[in-house]
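Here is how the chains run, residue by residue.
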Amino acid sequence: MGGESGGGRFLRGVVLIALLLLGLQWCWSARAAGDDPFSQIAATNADTEARGVQALATSGNPRAAAVIDALRDGTLFAWKWPRPDPPLYIRAANGFVDARTGAPVASPPSPVNLRRVIVSDAVRGAIETAEGALGLFSKSAARRARAADALYQSADPGALPLILRALKSETDAGVARLLREAEAAALLNSDTGSDAARIAAINELSARSDLSARNLLASLHGQSPPVAAATADAIRTIDRRLKLWGLVENVYYGISLGAVLLLAAAGLAITFGVMGVINMAHGEMVMIGAYTTFVVQQLIAAATPGLSEFGILVAVPAAFLVAGGLGVVIERCLIRFLYGRPLETLLATWGLSLVLQQAVRSIFGPTNQDVTSPDWMSGSLQLGGLVLTVNRLWIILFALLVLGALMAVLRWGGLGRSIRAVMQNRRMAAVMGIRTPWIDALTFGLGSGIAGIAGVALSQIDNVSPNLGQNYIVDSFIVVVVGGVGNLWGTLFGAMLIGIVDKFVEPFEGAVLAKIIVLVFLILFIQRRPQGLFPVKGRAAEA
Amino acid sequence: MRADHASAVTLGCVLGGALLLAALNLLVPTASAFHVPNFVVSVAGKYLCYAILALAIDLVWGYVGILTLGHAAFFALGGYAMGMYLMREIGARGVYANPILPDFMVFIGWNKLPWYWYGFDHFWFALLMVALVPGVLAFVFGWFAFRSRVSGVYLSIITQALTYALMLAFFRNDMGFGGNNGMTDFKDILGFPLDAETTSVGLMLATAAVLSLAYLLARAMTRSRFGKVLVAVRDAESRTRFLGYRPESYKLFVWTVSAVIAGIGGALYVPQVGIINPSEFAPGNSIEAVIWVAVGGRGTLSGAILGAVLVNLGKTWLTSALPEVWLFAIGGLFILVTLLLPRGLIGLFAGRGPMAAAERDRRSAAAEAAMREVAQ
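One line per chain: the protein sequences are A and B, in this order.
Residues in the first sequence are numbered from 1 upward in steps of one, following the working numbering.
Residues in the second sequence are numbered from 1 upward in steps of one, following the working numbering.
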């Protein structure tokens, strides 16, 4: 009997102690809530833990980032048993580190006494906000700007005190502006704030003038009348600005498309414009230039991998020589028998284009070849509300350079002088000692070489495949014809006109219809002005 | 006399060959070595359609000097008109069993037949459209082009732009012509099931008959006084104008007739191949058709027929036997024919040496250039 009652007493004692311990733990946890954030994080209650994360992030404590990172990565450990000031450890590569001080722990705690701090969903949310907030106090201005932008995007009213704190210590004007915008977004999403403060916030957003600001303003409901009026006003302002930026952006895209067309058409302006040869294989010269780029890149990567960044600089002259040399061969073997018979030239060069395409397909295979852009040609620039891709900028620059070089050669070069002489009066040029057949070959080679250079540029933005040239041949003819045959300024103008018109029609009607409209425009244009926008006056012009 | 002989030979070959194929297919038992399988009949029918297209091109290129790079557009338009009739003929037998709407319209969620599809349930209306649609388009296009004296290469380029624009347009689903996939799964024509061999023999014979009629019409046009003016326009347009003719009216007339002939060719083509889609508008097709004419002999009519059949025979054989070589072959053909064989195969048979013809061409080009200088 006695043994039984003793056993019962023992059991009761254990339960009592257990209850006591639980109560104690609860007490400590509750006490810890008002304590330092480290203790809160060590709590087993998820809400307390989340609050601790938040508090730590906004505390400005230098250890905050390391602790929160450790929490996210699962390397943060707490003392397993309840005690008033629970130690926190971060497991590093070589032993444990005290989370509060960052100092290595001399005597490593036994694993029996440690538990990993659990990250529940609520805590995960807190960690994400905290990481944003931590960025606000980072030393790097770029990181602060990123954090402010993230807070702006989340427009979380809970972050308001944090933003205000950060704003106080912010020295960089750009980041401060971002912070003010984040503050405005958070304020508008909160229920607090006077009408005046709200209107100031709306003005702040209206100054930002982008789509996200507009969406945020449009999502505001149930405002007092003056605030609602200010909101509507701000949305109108933003819409106007967005429209303007859209216009500028379209012009930029148009110019960049125009530059591509200009590159493709510049060579044609020589062979078709100056010599009057309908070269349907012109697109294939562009394609061969692109494949030359590919081959040069492969060769350089195999020989000196360190220089592959500058392979493209080698590819430009290489493509000029390959395509130009091929052009001279074509002129000597084919074109010269067909002068004065444009329709036959058209058919023969069409046949040539099929042969060249199939030849490239047989050698390199039908699939796209991989031409990588060097680092200094990739990336993008932000300019106000515009995002300009760097390789497009290079192509615009490159197209203008090529056109300028071509004009200079024709105007001042010895070859250019001979070309112009033969074009203006073949017989007189021959009498003056110019070997006109040779000049014909070189002129055709020059035009083809320019096409090859265009291929180098196009290999950066288009697929390098045997069909590359076909996509540009019709457009190139359109550009040369619109600009006026035998006039390089006209070619420049024609390319930009077609590029910009194309990009302006596209958003309204879709890419296909834009193309159709441009083609119909061409058909009508040729019928109105068969000599192009800038006809060459004088005897050279055909009747 | 000699040319009459040539036309008798041409007609004899076309009609006799078609009848022979038909007889060997229908009358000779399948087991016999002389039996012609069905696919040969349908392939022959296809070639005859191409020959009609080639004839149409020869009419404008060979006799008026308009190098058209867009004639396949008229061919395809005629084909689409016939395809619309065949689609309506399917009726409720389509996958969606809609008695009015073709399958592709049900598929893209249309519930009403667009107005331009009205009337295509009648065969006579479809036939009218086969001639009218390419004819009107060619007339409008030619009216603008020839009035403003667009000629030579510029004209060639805008004909190519025309067919390119049409191709892009027909690729769009919301045009109501089946978009990418075009029209297919036809069941029957005038109640005759398309998969029956008698139907394909009948279609092939009809194509041969239409080709012969088109040949006779083209021959009559080119041999008359009217034809003489056409050749004059081709060889010296300015001089013809100074003599008091209006070259643009002659060009416009022949151009329109030629487009109608091409459209009829396309209409016969579609039931025999069983599909029409926007790739028929591809600029490459038109240019390939020009080379048929060049190979056979430009400005001879019978040469166009010969060239279309020969080149396509070669294409059928090469694309199955040596697919890699086909583009080399057709590309080489373009180059060789223009350089060495300006009068085509017919010119070779007629005993005129190719080099002599090239020489004459060069001279006439030089003469025209000289005339231009004088005109200035």
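By construction, these hints were calculated from the structure, which means they are not laboratory data.
Fair warning: this is a prediction, and the values are worked out from it, not measured in the lab.
Don't take every hint at face value.
Said to hold, decoys possible - Lysine to any residue pairs mimicking SDA-like chemistry, simulated, CA-CA at most 25 Å apart:
hint	chain 1	residue 1	chain 2	residue 2
1	A	K515	B	A329
2	B	K46	B	A329
3	B	K315	A	E128
4	B	K315	A	K139
5	A	K168	A	E204
6	A	K139	A	S194
7	B	K315	B	H35
8	A	K139	A	E128
9	A	K515	B	P37
10	A	K515	B	Y116
11	B	K112	A	K515
12	B	K112	B	V210
13	A	K515	B	L137
14	A	K515	B	G152
15	A	K243	A	S224
16	A	K515	B	V133
17	A	K515	B	S148
18	A	K515	B	A206
19	B	K315	A	S362
20	A	K515	B	D185
21	B	K315	A	L513
22	B	K228	A	P342
23	A	K515	B	V210
24	B	K315	A	T367
25	B	K46	B	T30
26	B	K187	B	V210
27	B	K187	B	A206
28	A	K515	B	H35
29	A	K515	B	F171
30	B	K315	B	Y116
31	A	K515	B	N181
Said to hold, decoys possible - Distance ranges between label pairs, derived from CB positions:
hint	chain 1	residue 1	chain 2	residue 2	range
32	A	L381	B	F144	28 to 36 Å
33	A	N368	B	S249	46 to 54 Å
34	A	L381	B	A97	55 to 63 Å
35	B	L132	A	N368	23 to 31 Å
36	A	L524	B	L132	33 to 41 Å
37	A	L383	B	G274	35 to 43 Å
38	B	Y118	A	S219	45 to 53 Å
39	B	V273	A	W489	29 to 37 Å
40	A	R427	B	L20	43 to 51 Å
Glycine residues also receive a C-beta, built at the ideal position from the N, C-alpha and C atoms.
Hint-by-hint comparison with the structure:
Only pairs whose Cα atoms come within 25 Å are accepted, and K515(A) paired with A329(B) is rejected, the gap being roughly 32 Å. Note on K46(B) and A329(B): the hinted pairing holds, with a Cα-Cα distance of about 21 Å set against a maximum of 25 Å. A C-alpha spacing of about 66 Å is found between K315(B) and E128(A), which places the hinted pair above 25 Å, so the restraint is violated. The straight-line distance between the Cα atoms of K315(B) and K139(A) is roughly 72 Å, outside the 25 Å bound, and the hint therefore fails.
For the given pair, K168(A) sits about 18 Å from E204(A) by alpha-carbon distance, which is consistent with the 25 Å threshold. In summary, the hint linking K139(A) to S194(A) is not supported, as the alpha carbons are separated by about 34 Å, beyond the 25 Å threshold. Annotation: proposed proximity of K315(B) to H35(B) holds, straight-line Cα distance about 23 Å (limit 25 Å). For the given pair, K139(A) sits about 19 Å from E128(A) by alpha-carbon distance, which is consistent with the 25 Å threshold.
Using a Cα cut-off of 25 Å, the hinted pair K515(A) and P37(B) is violated, with the two alpha carbons roughly 45 Å apart. Annotation: proposed proximity of K515(A) to Y116(B) holds, straight-line Cα distance about 24 Å (limit 25 Å). Taken as a hint, the K112(B) and K515(A) pair is broken in the structure, with Cα atoms around 29 Å apart against an allowance of 25 Å. Proposed proximity of K112(B) and V210(B) is contradicted: the alpha carbons are some 36 Å apart, above 25 Å.
Only pairs whose Cα atoms come within 25 Å are accepted, and K515(A) paired with L137(B) is accepted, the gap being roughly 20 Å. The suggested pairing of K515(A) with G152(B) holds, with an alpha-carbon distance near 24 Å, which does not exceed 25 Å. As the CA atoms of K243(A) and S224(A) are separated by approximately 28 Å, the hinted pair breaks the 25 Å bound. Using a Cα cut-off of 25 Å, the hinted pair K515(A) and V133(B) holds, with the two alpha carbons roughly 23 Å apart.
Between K515(A) and S148(B), the direct Cα distance comes to roughly 24 Å. Compliance with the 25 Å bound is thereby established for this hinted pair. The suggested pairing of K515(A) with A206(B) is violated, with an alpha-carbon distance near 39 Å, which exceeds 25 Å. Note on K315(B) and S362(A): the hinted pairing holds, with a Cα-Cα distance of about 19 Å set against a maximum of 25 Å. As the CA atoms of K515(A) and D185(B) are separated by approximately 31 Å, the hinted pair breaks the 25 Å bound.
Distance restraint check for K315(B) and L513(A): the Cα-Cα separation of roughly 34 Å exceeds the 25 Å cut-off, and the hinted pair is therefore not satisfied. Taken as a hint, the K228(B) and P342(A) pair is honoured in the structure, with Cα atoms around 24 Å apart against an allowance of 25 Å. A hinted pair counts as satisfied when its Cα atoms are at most 25 Å apart, and K515(A) with V210(B) does not qualify at roughly 37 Å. Straight-line distance between C-alpha atoms of K315(B) and T367(A) comes to about 24 Å, which keeps the hinted pair within the 25 Å bound.
Proximity of K46(B) to T30(B) is assessed by CA-CA distance (about 22 Å); at most 25 Å being required, the pair is judged to hold. Of the supplied pair hints, the one linking K187(B) and V210(B) holds, its CA atoms being roughly 23 Å apart against a limit of 25 Å. For a cut-off of 25 Å, the pair hint linking K187(B) to A206(B) stands: about 19 Å separates their Cα positions. For the hint pairing K515(A) with H35(B), the CA-to-CA distance comes to about 50 Å; that exceeds 25 Å, so the pair is violated.
Of the pairs offered as hints, the one joining K515(A) and F171(B) holds, with about 13 Å between alpha carbons and a cut-off of 25 Å not exceeded. Restraint check for K315(B) and Y116(B): not satisfied, since their Cα atoms lie roughly 36 Å apart, outside the 25 Å limit. At roughly 21 Å between alpha-carbon atoms, K515(A) and N181(B) fall within 25 Å of each other, so this suggested pair holds. Distance hint check for L381(A) and F144(B): the Cβ-Cβ separation is about 45 Å, which falls outside the suggested range of 28 to 36 Å.
Taking the beta carbon of each, N368(A) and S249(B) are about 50 Å apart, inside 46 to 54 Å as hinted. Under the hint 55 to 63 Å, the C-beta atoms of L381(A) and A97(B), about 58 Å apart, fit the expected range. The hint said 23 to 31 Å for the Cβ distance between L132(B) and N368(A), and at roughly 44 Å that hint is violated. Distance hint for L524(A) and L132(B): a CB-CB separation of about 23 Å, inconsistent with the stated range 33 to 41 Å.
Between L383(A) and G274(B) the CB atoms are about 56 Å apart, so this pair departs from the stated range of 35 to 43 Å. Distance hint check: the CB atoms of Y118(B) and S219(A) are about 48 Å apart, consistent with the given range 45 to 53 Å. Taken as a hint, the range 29 to 37 Å is violated for the pair V273(B) and W489(A), whose Cβ atoms sit roughly 49 Å apart. In this structure the hint that R427(A) and L20(B) lie 43 to 51 Å apart at CB is violated, the actual value being about 59 Å.
Comparing the model with each earlier hint shows violations of hints 1, 3, 4, 6, 9, 11, 12, 15, 18, 20, 21, 23, 28, 30, 32, 35, 36, 37, 39 and 40; every other hint is respected.
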